[in-house]
Every structure is written in structure tokens, then in C-alpha cells.
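Please work from the sequences and hints to get the whole structure.
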Amino acid sequence: MRQLIFAFCIGLFPFAANAVEPDEMLTDPVLEQRAREISKDLRCVVCQNQDIDSSNAGVARDLRLLVRERLVTGDSDAEVIEYIRARYGDYVLLKPPLEPATYALWFAPIAFVLIGVFVGGGLLMSRRKQEAFEDLGSEDENTVSEILRQNEAGDAS
Amino acid sequence: MKRLIAGLPFIAAVIFGGFFLWGLNPDRDPNEIPSVLISQPAPAFDLDPVPGLETPGLARSDLVGNERPVVVNVFASWCVPCRAEHAVLTRFVEREGMRLFGINYKDKPEDAVKWLNDLGNPYERIGSDLSGRTGIEWGLSGVPETFIVDGDGTVLFRYVGPVVGPDAVERFTQALKQAGALPKGAAS
Numbered sequence: 001m002r003q004l005i006f007a008f009c010i011g012l013f014p015f016a017a018n019a020v021e022p023d024e025m026l027t028d029p030v031l032e033q034r035a036r037e038i039s040k041d042l043r044c045v046v047c048q049n050q051d052i053d054s055s056n057a058g059v060a061r062d063l064r065l066l067v068r069e070r071l072v073t074g075d076s077d078a079e080v081i082e083y084i085r086a087r088y089g090d091y092v093l094l095k096p097p098l099e100p101a102t103y104a105l106w107f108a109p110i111a112f113v114l115i116g117v118f119v120g121g122g123l124l125m126s127r128r129k130q131e132a133f134e135d136l137g138s139e140d141e142n143t144v145s146e147i148l149r150q151n152e153a154g155d156a157s
Numbered sequence: 158m159k160r161l162i163a164g165l166p167f168i169a170a171v172i173f174g175g176f177f178l179w180g181l182n183p184d185r186d187p188n189e190i191p192s193v194l195i196s197q198p199a200p201a202f203d204l205d206p207v208p209g210l211e212t213p214g215l216a217r218s219d220l221v222g223n224e225r226p227v228v229v230n231v232f233a234s235w236c237v238p239c240r241a242e243h244a245v246l247t248r249f250v251e252r253e254g255m256r257l258f259g260i261n262y263k264d265k266p267e268d269a270v271k272w273l274n275d276l277g278n279p280y281e282r283i284g285s286d287l288s289g290r291t292g293i294e295w296g297l298s299g300v301p302e303t304f305i306v307d308g309d310g311t312v313l314f315r316y317v318g319p320v321v322g323p324d325a326v327e328r329f330t331q332a333l334k335q336a337g338a339l340p341k342g343a344a345s
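Keeping their order, the protein sequence lines are chains A and B.
Under my numbering, the first sequence has 118 at position 118, and the numbering climbs by one with no breaks.
Counting the second sequence from 1 gives a position; my numbering is that position plus 157.
Treat the hints loosely; a few may be bogus.
As the list claims (entries may be wrong) - Here are a few chain B residues that face chain A, going by a calculated C-beta distance under 10 Å:
(1) 193
(2) 294
(3) 298
Hints are computed from structural coordinates only; laboratory data are not their basis.
The C-beta atom is built at its ideal place from N, Cα and C for all residues, glycine as well.
Put into C-alpha cells, the structure is as follows:
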């Protein structure tokens, strides 16, 4: 049992591992924290669904170093991101920017929900109205009561 | 109104079907990253030559003022596909008169010299990018990558990965012809 727990703990090691190596880190904790935040928003161009903060790829490491270098020279967070974006394009941003080309991406889900609510709501409303207005005519009423009476007679016998 | 609602599933099916059809296209590479460099001026850089090699270094100024478009290939001796691509590029230089410049990416100079001595050196100029910083300027995601740069320094074409195999060579040849990077009357 103890061995099993030990094996489990060792199995957890890879998840705790960090791509940012000690020699990359800045001595200034504030700048380092900003660098980490920026790195989390930048996509690694090699292992495409990872941010550069958690990627072990060589290019990701270079980009992390570049981010820190820019911060040390006094760039703002936005300027650093813009610097990288100018070289790798919008693709490098994990959160796509809001601009005319991405309106569909940002607003389509909301539009679909709204359409769904209106269409679904409209259908339900119209069905309820029908129920409220529908009334059997006297002829149908007679037929139904006739059938009911016959059924009752059948049950009794 | 009812007719409109009845038609909605059909419209939805057409839209989604079209999307899936697009997604199933075997020619589409979902890993392809659109390059921001196309139709943009080549980035500024100035690289020293590889120590121990006679070939001069490479800077942005070497890409400007050429009579016809030139090709910039990013390579490294540690990159296995580059070895295969080397033969293709050499053939383009020797048989078709393509002009080839190289960026030696994050490579030990002695390894690069040995590699080029073994395989031959088709490059007119080679810049040594030890830090990989010039690679970032070019928006590099890995090696090899190959660019076609117009005479005024505008990037015309980018090929990610090795130009190896009939399809890749065909695509690259088309791009070279379209750019006018091959001299007229060259054997092909």
C-alpha cells in the first residue's frame, strides 16, 4: 500500500514540473510576475495549444527570454505583447483580439443563444395559445361522450 | 413564419455540412500558421558569418537591390530534415540558377562547417544566428523554413518545413516561378 502511494506521488511530479527554468527568471519579483502573466497569454508556435509559460520547446524558451528582456528595458505589458504579435501575428495570442475579422468568433455564440431563445420561446408560446383556444365542437363532444358511454357499458358486462 | 422555422434545420445542416466539408479537405493543414511576413518587408537583421567558413555573413541589406528574388533558407546541422532538403536546394541552385542565402539557426559553428563540408555549400551567404533572435524576427516556428524575398526586400513566400517530396518541390517551384526567382531560359 505504501509503495502504491509512493508511486502515485511520483506520478504527480510531471504535473508539478515547470517549463520556466531558474536561469530565465528575473531577480525583480514584480517584473517576473508580469512576465509570467504575459507568457500565459502567448501561444507556443511549435506545440500549438500550449502557452509559452508551460512549454518546453526551444522557441518558447526564446520567447520567454525575449518577454523578460523587453520588460527589463521598460516596455509595458501591452507593448511586449505587441512586439511579439508583430512577428508572429494574431495567432500567437491565446485570446483572440476583438476586431472586425473576429466579430463572428466573439458574437456568434451569443447570437445562436438568442436565436434559440426566440425561436424556442416563440414555438412554445404559440402552442400554448392554441391549447387555450381549442374547444371541441358540439358534434365532437357528442362522439366522445358516446364512446365513453360504450366503454363504460363494456366494462360493466 | 412557420415555413421559416421549418427551414431552419435545413439551413443549419447546410452551414455545418459546408464547415465539415472544408475541415475534411486533405490539402488543408490545420497546423499551418499564417505568416504575417507575406507582402511585408523582410525584418531587420545583421548576422556574422559562421566562424571557420569562407562564406560571408548575411544582413537585411543583402536581400535588397537584387536583380531577381532570392531565397533565404533557415537551416541547422542538428536538423535531420534539413539534410534531406539540402540536396533539393542544391539542385535548384545548380540546375535552375536559384540564388540561395542561409541562416544557420542555433548551430555550433564547428558542426555547421563539418555539415557543409560533407554535403557541399550551395549558399552565397550564411549568417550565424546563435541566439535564435533573428529567427524570432522572421517569425520562425522551427527549422527548416524557406522564404522567397523580392528584390526590394519584400517577403513573397514562406515554406514551413523541408522542401522534400514531389508535392513540396512542385509547390516551391510554382512559387519560385511566380516570383520570377528563376532566370529565364534556365534548364528545368
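Do the hints match the structure? See the list:
Taken as an interface hint, residue 193 (chain B) checks out: its beta carbon lies about 4 Å from the nearest beta carbon of chain A, inside 10 Å. A distance limit of 10 Å between C-beta atoms decides the matter here; for residue 294 (chain B) the minimum to chain A is near 6 Å, and the interface restraint holds. A distance limit of 10 Å between C-beta atoms decides the matter here; for residue 298 (chain B) the minimum to chain A is near 4 Å, and the interface restraint holds.
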